[in-house]
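One line per chain: the protein sequences are A and B, in this order.
Taking my numbering, the leading residue of the first sequence gets 734, the next gets one more, and so forth.
Taking my numbering, the leading residue of the second sequence gets 395, the next gets one more, and so forth.
Treat the hints with care, as some may be off.
Claimed, not checked - Chain B regions said to be covered by chain A (calculated; three or more residues, Cβ under 8 angstroms):
no.: 1; stretch: 431-444
no.: 2; stretch: 453-466
Unchecked claim - In silico DSS-like pairs for lysine-lysine, Cα to Cα no more than 27 angstroms straight-line:
no.: 3; chain 1: B; residue 1: LYS449; chain 2: A; residue 2: LYS868
no.: 4; chain 1: B; residue 1: LYS463; chain 2: B; residue 2: LYS449
no.: 5; chain 1: B; residue 1: LYS449; chain 2: A; residue 2: LYS859
These aren't lab readings, by the way, just hints derived from the structure by calculation.
Think of the CB as a built atom: it goes at the ideal place given N, C-alpha and C, for glycine as much as any other residue.
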Amino acid sequence: MSGGRAFAGQGIFIVLIQAQVANALNGSALIFPALEIFHITGFALLIGSITLVDLRMLGIGLTRQEPAELNQTLFPWTLAGLVLIFFTGPLMYSTDPDMYYLNWSFLIKMMCLTAALIFHFSIHRKSVRQGGTSKAVAYMSLTLWASVVFGGIFIGFVNQGLGIGGV
Amino acid sequence: MLSFCQWLQSTAFFTEMRGSGIVYPTILSLHVLAIAMFGVMILVTDMRLLGAMRKYPVAEILDKLRMPKRAGFLLIVTCGLLLFGAKAEEYYYNVFFRAKMIILLLILIHAAIFRAGVYRNGAALDAGGLTGQARLAGGLSLVLWFGMMMCGRGVGYIEPNLFILHARVEPIQTLPIAAPSALPAAGRTGAERTQTMLRVSVL
Chain A
734 MSGGRAFAGQ GIFIVLIQAQ VANALNGSAL IFPALEIFHI TGFALLIGSI TLVDLRMLGI
794 GLTRQEPAEL NQTLFPWTLA GLVLIFFTGP LMYSTDPDMY YLNWSFLIKM MCLTAALIFH
854 FSIHRKSVRQ GGTSKAVAYM SLTLWASVVF GGIFIGFVNQ GLGIGGV
Chain B
395 MLSFCQWLQS TAFFTEMRGS GIVYPTILSL HVLAIAMFGV MILVTDMRLL GAMRKYPVAE
455 ILDKLRMPKR AGFLLIVTCG LLLFGAKAEE YYYNVFFRAK MIILLLILIH AAIFRAGVYR
515 NGAALDAGGL TGQARLAGGL SLVLWFGMMM CGRGVGYIEP NLFILHARVE PIQTLPIAAP
575 SALPAAGRTG AERTQTMLRV SVL
């Protein structure tokens with residue numbers, strides 16, 4: 734790979750790709766499935782709680798409360814989901830860093846995740862606080878989070894740098 | 395049942411789907427996305443029945459989330475049926491898949507049992523406070539759905555036994571004795587596995 738790619742927070746990746754970390758994680762057949770369960774629980778909490786707010790903005794579901802109030806009630810869940818995915822995700826990455834690094838679906842997922850997080854904590858948050866009347870913001874939020882899930886699932890189905898499908 | 399599964403996955407539709415590098419993962423993504431988006435609605439309902447989120451009336455949560463939850467369930471089940479059809483024979487043997495179907499059955503029984511006393515009774519629960527039955531319904535629902543999710547993830551971890559699959563189509567006796575080492579690396583999809591088996595049987 735091109736050696737010149739440096740970015741903020743590179744240190745954590747250097748730790749994650751150390752053989753000791755990967756060996757410890759790959760030592761038991763149960764660790765990866767366990768990480769996955771927590772990862773799924775995490776993104777279900779994260780995306781599910783955000784979806785409830787988005788649906789409220791679209792006039793579906795818990796409509797008695799203002800979007801801001803609903804968002805406030807569900808924020809601990811969103812946060813719990815974020816903590817879970819950011820704890821389990823990097824550990825899963827470190828079990829097989831080369832594979833993920835070369836997997837284009839993983840790269841797309843990371844871009845979508847970054848976009849979704851930035852969107853969520855800027856435009857989405859602002860819109861919710863101002864009454865949450867923008868349907869476009871709700872659709873955008875749903876689309877961004879959906880793209881993260883698609884990116885994640887496709888990781889297991891694409892070949893390194895070769896395209897979709899086939900073996 | 396086994397022959398039904400074999401027939402189902404051998405239909406042109408599911409053979410095509412299984413072989414597609416795009417359709418299969420797309421449906422799986424939709425399945426997982428729907429679980430993520432609608433699972434929290436179940437969690438919210440359960441937590442409210444257990445006594446959390448008291449600012450929100452039970453009746454409101456039960457009644458307003460009913461239709462979204464049904465829509466989500468429908469989407470999840472539709473995708474799930476398609477995923478099953480593509481690998482029906484493999485899943486027939488899969489112990490996690492069997493466990494998952496048993497839990498699904500228990501979930502349906504759970505819904506039938508608590509329907510009148512809890513899920514259609516939100517206003518009374520708001521007026522008279524949460525009953526033990528409501529808390530039980532919420533707690534059981536949490537356990538069942540989490541078990542469902544764990545089994546769902548487990549399904550993918552069972553390596554299919556190549557020598558059982560297509561047993562009726564390709565009897566084991568036709569395989570050469572040194573089959574395990576003679577077999578090429580197992581393909582990802584059932585279609586490729588079928589090809590593998592056919593190739594071996596020609597040997």
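Results for each hint:
no. : hint                : in the structure
1   : 431-444             : holds (count 7)
2   : 453-466             : holds (count 5)
3   : B/LYS449 - A/LYS868 : 26 angstroms, holds
4   : B/LYS463 - B/LYS449 : 21 angstroms, holds
5   : B/LYS449 - A/LYS859 : 24 angstroms, holds
Going down the numbered hints, you'll see the structure goes against none, and every one checks out.
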